[in-house]
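First to last, the protein sequences are chains B and L. Each residue of the first sequence is one higher than the last, beginning at 1 in the UniProt record's numbering. Each residue of the second sequence is one higher than the last, beginning at 1 in the UniProt record's numbering.
Source of the hints: derived by calculation from the structure; they are not laboratory data. Among the hints, a few may not be true.
Remember, identical chains collapse to one label, so a pair may be satisfied in a single copy or spanning two.
[To be verified] Derived lysine-lysine pairs resembling BS3-like cross-links, with alpha carbons at most 27 Å apart: (1) 10 / 28; (2) 323 / 3; (3) 314 / 352; (4) 28 / 352; (5) 305 / 53; (6) 53 / 198; (7) 3 / 305; (8) 198 / 314; (9) 3 / 53; (10) 28 / 198; (11) 352 / 53; (12) 3 / 352; (13) 323 / 53; (14) 10 / 198; (15) 314 / 53; (16) 3 / 314; (17) 47 / 198; (18) 47 / 10; (19) 305 / 47; (20) 352 / 47; (21) 10 / 53; (22) 3 / 198.
Nothing here was measured: the structure is a model prediction, and the numbers come from that model.
Number of protein chains: 2
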Amino acid sequence: MNKYWSETIKGITPYVPGEQPRAGRLVKLNTNENPYPPSPEVLEAMKAAVTDKLRLYPDPNCSRLREAASRLYGIPAEQIFAGNGSDEILAFCFKAFFDPGDTILFPDITYNFYEVYADLFGVSYRTVPLTENFEVSASEFSSDNDGIILANPNAPTGKTLSLEDLETLIQSNRQAVVIIDEAYIDFGGESSIGLIPKYDNLLVIRTFSKSRSLAGLRIGLAMGNRSLIEALIRVRDCINCFTVDWIAQAGAIASLEDTGTFSHYIGRITATRGRMTEYLRDADFHVIDSSTNFLMMSHPFLRAKALYEALREKNIFVRYFPKPRIDNYLRVTIGTDEEMDIFYDAILDIVKNTH
Amino acid sequence: MNKYWSETIKGITPYVPGEQPRAGRLVKLNTNENPYPPSPEVLEAMKAAVTDKLRLYPDPNCSRLREAASRLYGIPAEQIFAGNGSDEILAFCFKAFFDPGDTILFPDITYNFYEVYADLFGVSYRTVPLTENFEVSASEFSSDNDGIILANPNAPTGKTLSLEDLETLIQSNRQAVVIIDEAYIDFGGESSIGLIPKYDNLLVIRTFSKSRSLAGLRIGLAMGNRSLIEALIRVRDCINCFTVDWIAQAGAIASLEDTGTFSHYIGRITATRGRMTEYLRDADFHVIDSSTNFLMMSHPFLRAKALYEALREKNIFVRYFPKPRIDNYLRVTIGTDEEMDIFYDAILDIVKNTH
Chain B
1 MNKYWSETIK GITPYVPGEQ PRAGRLVKLN TNENPYPPSP EVLEAMKAAV TDKLRLYPDP
61 NCSRLREAAS RLYGIPAEQI FAGNGSDEIL AFCFKAFFDP GDTILFPDIT YNFYEVYADL
121 FGVSYRTVPL TENFEVSASE FSSDNDGIIL ANPNAPTGKT LSLEDLETLI QSNRQAVVII
181 DEAYIDFGGE SSIGLIPKYD NLLVIRTFSK SRSLAGLRIG LAMGNRSLIE ALIRVRDCIN
241 CFTVDWIAQA GAIASLEDTG TFSHYIGRIT ATRGRMTEYL RDADFHVIDS STNFLMMSHP
301 FLRAKALYEA LREKNIFVRY FPKPRIDNYL RVTIGTDEEM DIFYDAILDI VKNTH
Chain L
1 MNKYWSETIK GITPYVPGEQ PRAGRLVKLN TNENPYPPSP EVLEAMKAAV TDKLRLYPDP
61 NCSRLREAAS RLYGIPAEQI FAGNGSDEIL AFCFKAFFDP GDTILFPDIT YNFYEVYADL
121 FGVSYRTVPL TENFEVSASE FSSDNDGIIL ANPNAPTGKT LSLEDLETLI QSNRQAVVII
181 DEAYIDFGGE SSIGLIPKYD NLLVIRTFSK SRSLAGLRIG LAMGNRSLIE ALIRVRDCIN
241 CFTVDWIAQA GAIASLEDTG TFSHYIGRIT ATRGRMTEYL RDADFHVIDS STNFLMMSHP
301 FLRAKALYEA LREKNIFVRY FPKPRIDNYL RVTIGTDEEM DIFYDAILDI VKNTH
């Protein structure tokens, strides 16, 4: 019963986000949320923004938020764009920089949403295989293309590309926009923000959903040459001029300003990640070195799908992707130490009982 | 310097929203915001939603919000879609229901954003002229088309179409989706929500930015046949699965539940509208009967553009559209009684001093 659907929508496979189960007691390690709360200053700033002013449209350009980002990242405010989550900004990129008939490149194993955007907006894409060790081969991206999207660190592998390799890639693709999705960069790897003044074809995307504990607030940023930012503004003003509400703007500003709490929780997550990587390897799991807030792991003989289902029965949610090359891996978000201990005990228990 | 822009973005003219001036003392009657604050219960609900839970992604389907809307409007929750403002939902409609090459219809004088969406998504459109008195002629919409968008009440004219005429229009266009944009319906006119069970081609759009005093929060709803709602969900899940943040969901629920404050302020606005219409007509202005929270008005010999500029010099912001047929009208949002008195005195002063 879809006689009124557009042809695009009839044919498309939308993105499927990780489950947001509503049950009470569960360990949720499936959508790379931060196990620690937003900083108290962020919550205070949001409460303070709940005023009668909400009757007015928000600042469409998020001026104060962009100024706060400018101070933190050392990029002029005019070179920063704020949106309703980085997913929205990525979608806007497809209308801003690519036309139907264009061919863009991204790795064969990466954030699944890139191919959905391409399908929605009729942009062709070619996937570039990661190496056997799930590394991005920068040199493979220097062929003919109309754009490149790279998640760095990559998801769901958790691996990073060096800044040197990234620069070579950007340099050898001056004909096209290179979008670096730095959703996980605060957990490891080198940011390409420092390359923005040198390359007018570089756009760096950030999200507040992972390292800043604000998935529920919906904030993302794009940084790059002013002309690229202008294109994003044009797309936004053809869809919804006011994408970021007053309260989200206030919370995002406070988040950028509270560097102390931010560093503290990043430190805890990376410490837990190190400990858990070690434990799991000691228990014979293959765990990829992670620069993110998740681990990509597999077991020498138990199938990932079986592990995923067995964990789910114990109310432990992790992510499993039934996709070529990674269908024997689990992607496990780094939770609190307590959550990770529950996960660890559970998975060891499953392994033991399957022998 | 737009070598990286897509062809679509190079050629397009984005929507230009009314100014959001940041100056201190001014009378802002230019973007149809509500002069009264959101209900205290709405503010309380939002503050209560500012919690550690913000580290988690919001409910993508806004289930509780849709249930609250279901209770108020008597439409099943599965037939309701929530988005980040009605503009976003309208944009989604273009991907959901129309393909490039399709031709849709809307009036020649209506919300300017409709043609921007069409241009962005490559959908053709034909405008149907309003009558000399700025009425929608429903019968003119029964020609061959792939979709219809009608604002009811219409903006910026402020006029409504009767439910009977609307039903005839929907009935004679069963081949296509008919989108009724009811942004201003709470201020007057008959809602077409009651027709939803009868017509699977009807989609009704609502916003919280006008009657609900929540322009700064960004909430819109779409209501219609389940298949139409499913198409909108598919588009959303190809762009950004989590469009409405936790705090906005909480505020929107409280707004739908507090019918008392809502009716009280609607009553005040319509009373001010009546009084001001009378005063302005007594002062020789031509004022269209309004079913909205704005007045469309012209003066017998002073040009609207000159009035607009003279008001602006007095820090009174109204809207002027340099477009055929309406370029001698001002669109003036109904503010508080105090604001309207300032506006009234100022415009009379301008008229007097121009004699």
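Now the hints, each set against the structure:
1. Neither within a single protomer nor between protomers do residue 10 and residue 28 lie at most 27 Å apart by alpha-carbon distance, with minima of 33 Å and 44 Å respectively.
2. In this assembly of identical chains, the alpha carbons of residue 323 and residue 3 never lie at most 27 Å apart, being 31 Å within a copy and 36 Å across copies at closest.
3. Taking CA atoms no more than 27 Å apart as the test, residue 314 paired with residue 352 passes inside one copy only; the shortest distance there is 15 Å, against 79 Å between copies.
4. For a Cα distance limit of 27 Å, the shortest separation of residue 28 from residue 352 inside one copy, 23 Å, qualifies, whereas the shortest one across copies, 69 Å, does not.
5. Within a single copy, residue 305 and residue 53 get their C-alpha atoms no closer than 50 Å, and across copies no closer than 29 Å, so neither meets the 27 Å cut-off.
6. In the homo-oligomer, the alpha carbons of residue 53 and residue 198 never lie at most 27 Å apart, since the shortest distance is 40 Å inside one protomer and 40 Å across protomers.
7. For a Cα distance limit of 27 Å, the shortest separation of residue 3 from residue 305 qualifies neither inside one copy, at 37 Å, nor across copies, at 46 Å.
8. For a Cα distance limit of 27 Å, the shortest separation of residue 198 from residue 314 qualifies neither inside one copy, at 51 Å, nor across copies, at 46 Å.
9. In this assembly of identical chains, the alpha carbons of residue 3 and residue 53 never lie at most 27 Å apart, being 43 Å within a copy and 40 Å across copies at closest.
10. Within a single copy, residue 28 and residue 198 get their C-alpha atoms no closer than 41 Å, and across copies no closer than 43 Å, so neither meets the 27 Å cut-off.
11. Neither within a single protomer nor between protomers do residue 352 and residue 53 lie at most 27 Å apart by alpha-carbon distance, with minima of 59 Å and 35 Å respectively.
12. In the homo-oligomer, the alpha carbons of residue 3 and residue 352 never lie at most 27 Å apart, since the shortest distance is 52 Å inside one protomer and 59 Å across protomers.
13. When the C-alpha separation of residue 323 and residue 53 is checked against a cutoff of 27 Å, the pair qualifies neither within a copy, at 47 Å, nor between copies, at 31 Å.
14. Taking the shortest Cα distances, residue 10 and residue 198 sit within 27 Å of each other only across copies (24 Å), while inside one copy they are farther apart (42 Å).
15. With identical chains, the CA atoms of residue 314 and residue 53 are at most 27 Å apart between copies only, with a shortest distance of 23 Å across copies and 46 Å within one.
16. In this assembly of identical chains, the alpha carbons of residue 3 and residue 314 never lie at most 27 Å apart, being 42 Å within a copy and 54 Å across copies at closest.
17. Neither within a single protomer nor between protomers do residue 47 and residue 198 lie at most 27 Å apart by alpha-carbon distance, with minima of 40 Å and 43 Å respectively.
18. Taking CA atoms no more than 27 Å apart as the test, residue 47 paired with residue 10 passes in neither setting, with 42 Å inside one copy and 40 Å between copies.
19. For the identical chains of this complex, residue 305 and residue 47 are neighbours neither inside a copy (43 Å) nor across copies (41 Å), given an alpha-carbon limit of 27 Å.
20. Taking identical chains as interchangeable, the C-alpha atoms of residue 352 and residue 47 are never at most 27 Å apart, the minima being 49 Å within one chain and 47 Å between chains.
21. For the identical chains of this complex, residue 10 and residue 53 are neighbours neither inside a copy (41 Å) nor across copies (35 Å), given an alpha-carbon limit of 27 Å.
22. In this assembly of identical chains, the alpha carbons of residue 3 and residue 198 lie at most 27 Å apart only when taken from different copies (16 Å versus 50 Å within one copy).
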